[in-house]
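The task is simple: from the sequences and hints, build the whole structure.
Respectively, the protein sequence lines represent chains C and Z.
At position 26 of the first sequence the residue is numbered 25 (numbering that gives the first Met the number 0), and the sequence of numbers has no breaks.
At position 160 of the second sequence the residue is numbered 159 (numbering that gives the first Met the number 0), and the sequence of numbers has no breaks.
There's no promise every hint is true.
Stated by the list, open to error - Keeping only pairs whose Cα atoms sit at most 27 Å apart, straight-line, the calculated DSSO-like set for lysine-lysine is: (1) C:255 - C:178; (2) C:319 - Z:69; (3) Z:69 - C:388; (4) Z:68 - C:310.
As the list claims (entries may be wrong) - Examples of chain Z residues toward chain C, derived with CB under 8 Å: (5) 9; (6) 19; (7) 128; (8) 130; (9) 145; (10) 150; (11) 232; (12) 267; (13) 268; (14) 272; (15) 273; (16) 276.
Said to hold, decoys possible - Label pairs and their computed distance ranges (CB to CB): (17) C:98 - Z:106: 35 to 45 Å; (18) C:369 - Z:288: 45 to 55 Å; (19) Z:125 - C:194: 35 to 45 Å; (20) Z:105 - C:94: 25 to 35 Å.
Hints were generated in silico from the structure; no laboratory data involved.
Glycine is no exception: its CB is placed at the ideal position from the N, C-alpha and C atoms.
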Amino acid sequence: MKKPLSLLGCALGASLLVANPASAMDCETLTLGSAISLTGKYATNGIHAKNGYEFAIQKIKDAGGVKIGDKCYNFNVIYYDDESKGDRGATLAERLINQDKVQYMLGPYSSGLTKAIAPVTEKYQIPMVEAEGASRSLFNQGYKYLFAVLSTSEQYLASAVTLAAEKAEESGKTPSSVKVAVAVENDPFSLDIRAGVLEDAGRYDMQIVVDEQLPRDLSDMSAILTKVKLLKPDLLIVSGHSKGAATAVRQISEQKISTPMIAITHCEAADVVGNFGESANDILCSTQWAETLSYEDPLFGTAANYEMEFKGAFTEYAEKTVPYQTAQASAAVYVFKDAFERAGSLDKEAVRDAIAETDLMTFYGAIRFSEFGNNIAKPMVLRQIQDGKYNVVAPSKFASHKVNWPRTPK
Amino acid sequence: MDQILGNISLLFQFPVVNLKIVVDGLMIGAIFALSAYGLALVWGVMNVKNLAQGDFVIAGGYVAWWLAKKGMPPLLGVPVAFVVMWGLGWIAYKLVIARVIERDLFTSLLATFGLAIIMAQMLNLLFGSDTQSIQLQYDTLYLFDGFVDIPIAKLLGVLMAAALAAGVVLFMKNSRMGQAIRATAQDARAARVLGIDTEKVYSFTFSLNAAICGAAGAIIVMVWVIQPFYGITHSVRSFVIVTAAGLGNLPGVIAAGLGIGIAEQYGAHIFGIGYQQAIAVLLLLLVLVFRLIQQRRMRQSLK
Chain C
0 MKKPLSLLGC ALGASLLVAN PASAMDCETL TLGSAISLTG KYATNGIHAK
50 NGYEFAIQKI KDAGGVKIGD KCYNFNVIYY DDESKGDRGA TLAERLINQD
100 KVQYMLGPYS SGLTKAIAPV TEKYQIPMVE AEGASRSLFN QGYKYLFAVL
150 STSEQYLASA VTLAAEKAEE SGKTPSSVKV AVAVENDPFS LDIRAGVLED
200 AGRYDMQIVV DEQLPRDLSD MSAILTKVKL LKPDLLIVSG HSKGAATAVR
250 QISEQKISTP MIAITHCEAA DVVGNFGESA NDILCSTQWA ETLSYEDPLF
300 GTAANYEMEF KGAFTEYAEK TVPYQTAQAS AAVYVFKDAF ERAGSLDKEA
350 VRDAIAETDL MTFYGAIRFS EFGNNIAKPM VLRQIQDGKY NVVAPSKFAS
400 HKVNWPRTPK
Chain Z
0 MDQILGNISL LFQFPVVNLK IVVDGLMIGA IFALSAYGLA LVWGVMNVKN
50 LAQGDFVIAG GYVAWWLAKK GMPPLLGVPV AFVVMWGLGW IAYKLVIARV
100 IERDLFTSLL ATFGLAIIMA QMLNLLFGSD TQSIQLQYDT LYLFDGFVDI
150 PIAKLLGVLM AAALAAGVVL FMKNSRMGQA IRATAQDARA ARVLGIDTEK
200 VYSFTFSLNA AICGAAGAII VMVWVIQPFY GITHSVRSFV IVTAAGLGNL
250 PGVIAAGLGI GIAEQYGAHI FGIGYQQAIA VLLLLLVLVF RLIQQRRMRQ
300 SLK
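In structure tokens, the structure reads:
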């Protein structure tokens, strides 16, 4: 029974292969590769990113494909599951390049995986546009073929420091009187965030009253919050992925912490509004992107339009907000399209140079790469949870709402 | 160093902080003690060191979380997780543990390690890798000017842990099965000679352990958070507590659990929260060194 079936499969596959060039609007296929986390601890976000890639590819196809010279192409991505493990990611990158002969790569999910894969793409001189690795340690290695559309991690909460300084001045105090408490997880990403905050706080001459590192398997941060209660800082910074966000929001309300400004990361991933309701009120959350921002481009339209069309294409997101991980993945594909069209060839060196010269406004924000490959044109966004909604409060130029300060604990 | 001295001086400046640390430590320790007791049971009776202990805890947490999401009152999650995990523990016993119980230590470690990986990955596939928790709509008690806060949810968790522990103790003391388990732990061969079906005792013990872990997980999801890959944290603490307390010694396990809870909180306050677990492991080391010295003395006296 098995043999005839597989024969049938072969026949089907063959007929598809023959039919393919003729059917898809006479566009040829342009293959990209990506090792991405479909299982393991990064699976949720890995799948968000993959959906973002696929959505952008479909959009480009609908808009007539990628035009290189007088030919047109449609993207096709070969995905492998890296199981959220760095060594696996590196092996799969080798396989994509050596066996599948992939010439261009889309990034994996997380800084750690990107760090594992970047040396491989660098070795084979394969241009990689990544959307999910924000650690700044990716951009001081002198990589020439790595480009990231997102803001680097030291920027994540630095804007909260600026906001605290502004608020201090408004209330007639000097920014140097602001006391800051920092609690971040002991991993490269969160330590970058801490470095960014300390750097900016240093610029204002602010006093750091608590500076602690959360353990990776944190389940309780009451010891830090007790100190916060005693030392009364004006700004509390917490970053510890979704576990840190959930623990912080729950215990901040349990311990009635009355710090006037609290900024954390991963609010959406931990669904702090859904899980903790009013306890999460007036907390500031950093994000790469929000659908209420006034960015737009010719392919996806406005940020709001992207959100709407994406929900139409992936109905499992209908009930929730589209995560920024998805938006930036789509932006990465858009960067490739733009670069291919400007390069006018499939030569990977020409494409790399075209990517390096990208100067693009997208629904996700402006994209322009530094010589190290990170995007220096897009600021981080701070949103505040106001009555259960995420409202953009900084940067003020693109903000839709005013910040509630001091926050009123409930 | 300055920070450490500053933190110590805070303890003297605001004495009430000590109380807060002790209360927090007791609440944490009480819940850790639960899964540690299950581990001690399996270790003592079957000589299986269950590395999947923490994953049973997390699985119990997911049972409670999933049912709460489906509209069941969250507190009911504790008994339900107990029952469901009993079943899962029985399946795990029949499929895996029963085959390695007579083998050497290394085989059972490998088997339970494999079990841990499979369970974590299955939870990940079933429920996704996001952090989950249940928020109970209870108030928080504030004592001493709000310095000591006792969330009623946490208090309920501790009370349930205590009730469960008491239930298990009574069961072990008074029921026939409890007696059979204790007899098997003392000498499995003698127990068999006296007509105890040790195979049944083993499967019962392992299921009971899984059930205790499940209940602990259901409590944990109400007071902290769970994620498919956080089992290892609970495994490590269980091992620390059991090694410190010794096997078959429930009061010892509870005391060690509470003590480690308090020590961790003090450590976190003085050295920074990053060292919280280091304190627990350091304590374990001290206990082991102390035990070793004790044993050496005894050996010498035998000569």
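Checked hints:
Distance hint between residue 255 of chain C and residue 178 of chain C is fulfilled; the C-alpha atoms sit about 19 Å from each other, no more than 27 Å. Of the pairs offered as hints, the one joining residue 319 of chain C and residue 69 of chain Z holds, with about 18 Å between alpha carbons and a cut-off of 27 Å not exceeded. A distance of roughly 24 Å separates the Cα atoms of residue 69 of chain Z and residue 388 of chain C; the hinted pair therefore holds under the 27 Å criterion. Taking the CA atoms of residue 68 of chain Z and residue 310 of chain C, the gap is near 24 Å; set against the 27 Å cutoff, the hint holds.
Among the interface hints, the one on residue 9 of chain Z holds; its C-beta lies about 6 Å from the nearest C-beta in chain C, closer than the 8 Å criterion. At its closest, the beta carbon of residue 19 of chain Z sits 6 Å from a beta carbon of chain C; the interface hint therefore holds under the 8 Å criterion. Against a cut-off of 8 Å between C-beta atoms, the interface hint on residue 128 of chain Z holds, since the closest Cβ of chain C lies about 5 Å away. Interface hint at residue 130 of chain Z: satisfied, since its Cβ lies 4 Å from the closest Cβ of chain C, which is below the 8 Å cut-off.
Checking residue 145 of chain Z against chain C: minimum C-beta separation of about 6 Å stays under 8 Å; hint holds. A hinted interface residue such as residue 150 of chain Z counts as satisfied when its beta carbon comes closer than 8 Å to some beta carbon of chain C; here the least separation is about 5 Å, so the hint holds. The restraint placing residue 232 of chain Z at the interface with chain C holds, with a minimum CB-CB distance near 4 Å, inside the 8 Å limit. A least Cβ separation of about 4 Å between residue 267 of chain Z and chain C falls short of the 8 Å threshold, and the interface hint therefore holds.
Residue-level restraint check for residue 268 of chain Z holds (minimum Cβ-Cβ distance to chain C is 5 Å; threshold 8 Å). At a threshold of 8 Å, the smallest CB-CB gap from residue 272 of chain Z to chain C is about 5 Å, leaving the interface hint in force. At its closest, the beta carbon of residue 273 of chain Z sits 4 Å from a beta carbon of chain C; the interface hint therefore holds under the 8 Å criterion. A cut of 8 Å between beta carbons decides the hint on residue 276 of chain Z: the least distance to chain C is about 6 Å, and the hint holds.
Hint check: residue 98 of chain C to residue 106 of chain Z, Cβ distance near 37 Å, so the stated range 35 to 45 Å holds. Between residue 369 of chain C and residue 288 of chain Z the C-beta distance comes to about 53 Å, which sits within the given range of 45 to 55 Å. A C-beta distance of roughly 37 Å is found between residue 125 of chain Z and residue 194 of chain C, which places it inside the suggested range of 35 to 45 Å. Checked against the hint of 25 to 35 Å, the pair residue 105 of chain Z and residue 94 of chain C passes, with Cβ atoms roughly 34 Å apart.
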